[in-house]
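Asker: Below are the chains, spelled out letter by letter.
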Amino acid sequence: MNLKRVNGIALKEYNHIIRDPRTLLILMPILQLTIFGYAMRFEIRHVKLAVRDYSHSPASQDLIRKFGATEYFTVQVLNSYSVTPQMLFNTRQAHAVLTIPPSFAAEKGTDRSLQLLIDASDANAAQLVLTYCQEIIASEYGPDLRRVLDVRPKLLYNPDLKSAYFFVPGLIATILVMICALLTSISIAREKELGTLEQLLVSPVTVSDILAGKIAPYVVLALVDAFLILGIGMLLFRVPFLGSFAAFLFYTLIYVVAALCLGLMVSTIAKTQQVAMMMALGMTLLPTLMLSGFIFPIRSMPWILQQVTYIVPARYFLLIIRGIMIKGNTTLELWHSGAALAAISCVALLVAARRFKLKLQ
Amino acid sequence: MTLSPPDSEAGSKVSEAAVSLKGFSFQYQAHPAVRDLSLEVQNGIIHGLIGPDGAGKTTVMRSICTLLDVAEGSVSVFGLEVNKHRTEIRSRLGYMPQRFSLYQDLTVEENLRFFARLFGIPEQEYARRRETLYSFSRLGPFQNRRAKALSGGMKQKLALSCALVHAPELLVLDEPTFGVDPVSRMEFWDILHDLKKQGSTILVSTAYMDEAEKCDHVTLLHKGRILLDGDPARILKNWTTNIYSLGSDAPRELARFLASQPEVLSSQFFGADLHITAKEEIGATKFRSWQAQCPSLRKWEKIPAGMEDIFLELMENDQDR
Chain A
1 MNLKRVNGIA
11 LKEYNHIIRD
21 PRTLLILMPI
31 LQLTIFGYAM
41 RFEIRHVKLA
51 VRDYSHSPAS
61 QDLIRKFGAT
71 EYFTVQVLNS
81 YSVTPQMLFN
91 TRQAHAVLTI
101 PPSFAAEKGT
111 DRSLQLLIDA
121 SDANAAQLVL
131 TYCQEIIASE
141 YGPDLRRVLD
151 VRPKLLYNPD
161 LKSAYFFVPG
171 LIATILVMIC
181 ALLTSISIAR
191 EKELGTLEQL
201 LVSPVTVSDI
211 LAGKIAPYVV
221 LALVDAFLIL
231 GIGMLLFRVP
241 FLGSFAAFLF
251 YTLIYVVAAL
261 CLGLMVSTIA
271 KTQQVAMMMA
281 LGMTLLPTLM
291 LSGFIFPIRS
301 MPWILQQVTY
311 IVPARYFLLI
321 IRGIMIKGNT
331 TLELWHSGAA
341 LAAISCVALL
351 VAARRFKLKL
361 Q
Chain B
1 MTLSPPDSEA
11 GSKVSEAAVS
21 LKGFSFQYQA
31 HPAVRDLSLE
41 VQNGIIHGLI
51 GPDGAGKTTV
61 MRSICTLLDV
71 AEGSVSVFGL
81 EVNKHRTEIR
91 SRLGYMPQRF
101 SLYQDLTVEE
111 NLRFFARLFG
121 IPEQEYARRR
131 ETLYSFSRLG
141 PFQNRRAKAL
151 SGGMKQKLAL
161 SCALVHAPEL
171 LVLDEPTFGV
181 DPVSRMEFWD
191 ILHDLKKQGS
201 TILVSTAYMD
211 EAEKCDHVTL
221 LHKGRILLDG
231 DPARILKNWT
241 TNIYSLGSDA
251 PRELARFLAS
261 QPEVLSSQFF
271 GADLHITAKE
281 EIGATKFRSW
291 QAQCPSLRKW
301 EKIPAGMEDI
311 FLELMENDQD
321 R
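Those sequence lines, one after another, are chains A and B.
Throughout the first sequence, residue numbering follows my numbering, covering 1 to 361 in sequence.
Throughout the second sequence, residue numbering follows my numbering, covering 1 to 321 in sequence.
Take the hints with a grain of salt, since some may be wrong.
Taking lysine-lysine and the BS3-like style, the derived pairs with C-alpha atoms no more than 30 Å apart in a straight line are [said to hold, decoys possible]:
#1 A/K357 / A/K4
#2 B/K223 / A/K359
#3 B/K22 / A/K359
Just so you know, these hints were derived from the structure itself, not from any lab.
If you're wondering where the values come from, they're calculated on a predicted model, not measured in any experiment.
Put together the whole structure using the sequences plus the hints.
Answerer: Here's what the structure looks like:
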């Protein structure tokens with residue numbers, strides 16, 4: 001490898017990047033983040049909760065106030081007892097109906113059961129509503145009733161079930177793959193397609209010069225973008241960052257290199273920009289969205305798909321980045337995932353270097 | 001400073017051919033492009049590879065530029081085998097591919113600078129060479145213009161400049177004047193002759209027969225084989241076949257008629273006229289007897305053979321084989 005040549009290629013690539021309108025793709029994360037952040041919330045707010053209060057006691061009033069005090073519920077106390085929950089659901093006047101029986105005001109220790117009916121036509125929403133209700137009711141009943149809660153680990157770290165905690169790390173993983181794999185593979189395929197590679201090859205350039213010169217500008221671009229998303233996530237959506245930035249930088253670099261190597265591998269196979277784009281999307285973006293645990297939990301996938309996730313770099317990176325940001329993991333605690341990423345890079349780079357020809361086929 | 005390689009190199013290797021192909025064959029998939037071809041390019045001359053599309057010109061040039069795996073026969077440049085000394089050969093020759101292969105989104109200057117960096121030219125040296133290249137290509141005023149905004153002729157001059165930036169000993173130009181207007185073509189050839197005077201060896205391919213006469217040595221290629229190889233002036237002088245240009249109001253009818261005449265070896269349309277070749281001289285009496293049988297024949301004239309006539313005749317004989 002000759003540093004002068006690498007530098008020459010990297011500077012040329014820099015000019016391509018700043019002049020190509022497709023580079024604006026890197027601004028997409030800002031748009032995506034805003035859309036995800038404000039529109040595509042996984043949590044539900046302002047659930048219409050109808051309350052049938054047969055107790056009319058200070059205790060029941062207190063419970064109703066507790067529901068009304070959260071931003072999750074818009075409480076409507078029904079005056080007419082003739083309205084059935086089915087009617088409310090059918091007319092979409094309520095998503096959940098809470099019935100407080102007359103016995104509610106009785107002494108503690110006696111039967112004080114409540115009835116909660118939830119419109120489960122949207123199962124996920126219903127699950128969330130149930131969780132919210134359980135939280136509020138449990139706080140009223142005291143800790144002995146917490147056993148009815150469905151305790152999931154994510155609740156420990158994300159008690160409000162805020163989706164920003166999920167999608168900011170996920171988005172960083174996705175965007176990095178997109179920039180690294182997609183843009184690098186396109187940039188080499190473009191040289192093949194436009195014939196500039198033929199001219200480039202008739203020079204003392206080596207495979208490592210080309211690969212290094214092509215990679216370098218995108219590493220910088222990807223890291224800048226990663227910090228951009230992280231910054232917006234922290235400022236706008238108050239995503240916590242408990243770990244160290246050094247650990248974040250270290251593992252992000254490993255992940256970026258893995259994604260770049262995948263992109264290089266694609267580019268040694270694809271002959272046109274179109275094909276490179278399709279292959280890169282197929283190999284990186286889709287698995288990152290679907291098979292990394294970003295959107296769908298890996299444990300609930302069929303066995304076969306679970307095995308496939310082992311070769312998806314984002315699977316490891318999500319563990320790392322969620323670990324660092326939300327749990328405050330240290331560099332050492334995450335070395336397994338880092339090693340897995342490094343292994344993927346090595347395999348992809350070997351394939352790319354073997355397949356990259358300094359001749360025309 | 002000149003664009004030519006140092007004199008010592010050129011001086012000591014005068015006797016040795018810059019390029020030598022021996023029994024070279026190459027095929028793309030199952031389609032043969034070049035068959036058992038042997039060819040030498042001498043130092044310090046302009047050597048033309050002449051032939052129609054698909055004759056194998058690009059294959060020969062790519063093999064010389066070490067872009068192909070030479071499996072059959074041998075190709076050597078500067079006395080070095082292309083399969084073994086790829087990097088050295090690549091750093092000593094300048095190549096201009098058939099397609100415009102520079103970066104359209106970079107400016108004239110950025111393209112030049114990129115290739116200077118690839119070849120490891122020091123910054124000061126580059127600055128000097130750039131001025132020389134601008135002075136012959138007259139691209140100086142356009143140095144901040146993006147390559148895609150240049151005219152066809154200017155693009156070719158930029159491509160040539162990029163191929164020259166490292167002062168190569170051998171220039172390999174694949175159809176550099178293809179699709180360029182006649183004035184720019186002439187200017188381009190003038191530049192090539194200047195480069196030759198400064199000691200460069202130039203291998204250039206073209207499908208334009210009139211450009212063959214501007215070369216010191218030509219190789220006519222057809223279907224991957226050599227039809228003819230030699231000094232174009234001598235070829236033209238020694239060509240013994242008689243060529244006549246015939247004018248007719250109905251040239252197709254005339255061509256059909258002439259095909260049945262034993263004296264006529266071949267006939268070709270040249271614009272509105274018909275060129276025929278014959279081993280023996282054809283006298284005025286013969287023409288008059290033809291005119292009697294085929295009244296559309298208006299005039300006849302004996303003309304000196306041009307490279308195109310020679311090529312077409314050779315090509316026709318080749319097809320007969």
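Asker: Output the numbers, in ascending order, of every earlier hint that fails for this structure.
Answerer: none
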